[in-house]
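Enquirer: Sequence:
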Amino acid sequence: MWSRLTRGGDGLPREKVDAVVRLIDQYLAEEAALRNLQSDKQTIHPRDLPPHKREALIREIFEILRDTKK
Numbered sequence: 001m002w003s004r005l006t007r008g009g010d011g012l013p014r015e016k017v018d019a020v021v022r023l024i025d026q027y028l029a030e031e032a033a034l035r036n037l038q039s040d041k042q043t044i045h046p047r048d049l050p051p052h053k054r055e056a057l058i059r060e061i062f063e064i065l066r067d068t069k070k
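Numbering-wise (the numbering used here), the sequence shown opens with residue 1 and increments by one.
Among the hints, a few may not be true.
[Unchecked claim] Ranges of calculated distance between the beta carbons of each label pair, as one might list FRET restraints: (1) 32 x 55: 13 to 23 Å; (2) 11 x 36: 32 to 42 Å; (3) 13 x 59: 15 to 25 Å; (4) 14 x 60: 11 to 21 Å; (5) 32 x 61: 17 to 27 Å; (6) 61 x 33: 17 to 27 Å; (7) 38 x 66: 27 to 37 Å; (8) 18 x 45: 13 to 23 Å; (9) 65 x 36: 24 to 34 Å; (10) 60 x 33: 14 to 24 Å; (11) 18 x 58: 11 to 21 Å.
[As the list claims (entries may be wrong)] Below, computed lysine to aspartate or glutamate pairings styled on DMTMM-like, alpha-carbon distance capped at 25 Å: (12) 53 x 18; (13) 53 x 15; (14) 16 x 67; (15) 53 x 30; (16) 16 x 55; (17) 53 x 25; (18) 16 x 30; (19) 16 x 60; (20) 16 x 63; (21) 53 x 63; (22) 53 x 67.
Calculated from the structure, these hints are not laboratory results. Just so it is clear, CB atoms sit at the ideal spot from N, CA and C, and this is done for glycine as well.
Using the sequences and the accompanying hints, generate a full structural model.
Expert: What follows is the structure, encoded as structure tokens:
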């Protein structure tokens, strides 16, 4: 999976991929905590986020991808 996202000049820089993954993990961890999910079997998927959080996540991902500094 990493090789597909970061491959050669066609893919994303590794730093951007890492930043997007960290951001998604952060959103999912916050939502899991709000729902009191604590075991590995009680997981949450981005589609399970409330619509306003999902939209905010998407906006932040596009900000990371658009940022030319990284």
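Enquirer: For each hint, tell me whether it holds in the structure or not.
Expert: Structure-based check of all given hints:
At roughly 19 Å, the beta-carbon separation of residue 32 and residue 55 lies within the given 13 to 23 Å, and the hint holds. Look at residue 11 against residue 36: about 38 Å separates their beta carbons, and that is inside 32 to 42 Å. Look at residue 13 against residue 59: about 20 Å separates their beta carbons, and that is inside 15 to 25 Å. A beta carbon spacing of about 19 Å between residue 14 and residue 60 agrees with the range 11 to 21 Å that was offered as a hint.
The given range of 17 to 27 Å is respected by residue 32 and residue 61, whose C-beta atoms sit roughly 19 Å from each other. At roughly 21 Å, the beta-carbon separation of residue 61 and residue 33 lies within the given 17 to 27 Å, and the hint holds. Distance hint check for residue 38 and residue 66: the Cβ-Cβ separation is about 35 Å, which falls inside the suggested range of 27 to 37 Å. The hinted window of 13 to 23 Å between residue 18 and residue 45 holds, with their beta carbons roughly 20 Å apart.
Roughly 32 Å separates the CB atoms of residue 65 and residue 36, a value that falls within the hinted 24 to 34 Å. Distance hint check for residue 60 and residue 33: the Cβ-Cβ separation is about 19 Å, which falls inside the suggested range of 14 to 24 Å. Residue 18 and residue 58 have their C-beta atoms about 18 Å apart, which keeps the hinted 11 to 21 Å range intact. A distance of roughly 20 Å separates the Cα atoms of residue 53 and residue 18; the hinted pair therefore holds under the 25 Å criterion.
Between residue 53 and residue 15 the CA atoms are separated by roughly 23 Å; this keeps the pair inside 25 Å, and the hint holds. With a C-alpha separation of about 9 Å, the suggested pair residue 16 and residue 67 falls inside the 25 Å cut-off, and the hint holds. A threshold of 25 Å between alpha carbons decides the hint, and for residue 53 with residue 30 the separation of about 11 Å falls inside it, so the pair holds. For the hint linking residue 16 to residue 55, the alpha-carbon distance of about 19 Å falls within 25 Å, and the restraint holds.
Under the criterion of a C-alpha separation no larger than 25 Å, the hint pairing residue 53 with residue 25 is consistent with the structure, at around 13 Å. As the CA atoms of residue 16 and residue 30 are separated by approximately 21 Å, the hinted pair is consistent with the 25 Å bound. With a C-alpha separation of about 12 Å, the suggested pair residue 16 and residue 60 falls inside the 25 Å cut-off, and the hint holds. Proximity of residue 16 to residue 63 is assessed by CA-CA distance (about 10 Å); at most 25 Å being required, the pair is judged to hold.
Distance check on the hinted pair: residue 53 and residue 63 sit about 15 Å apart at the alpha-carbon level, within 25 Å; holds. Taken as a hint, the residue 53 and residue 67 pair is honoured in the structure, with Cα atoms around 21 Å apart against an allowance of 25 Å.
Checked against the numbered hints given earlier, the structure satisfies every one of them.
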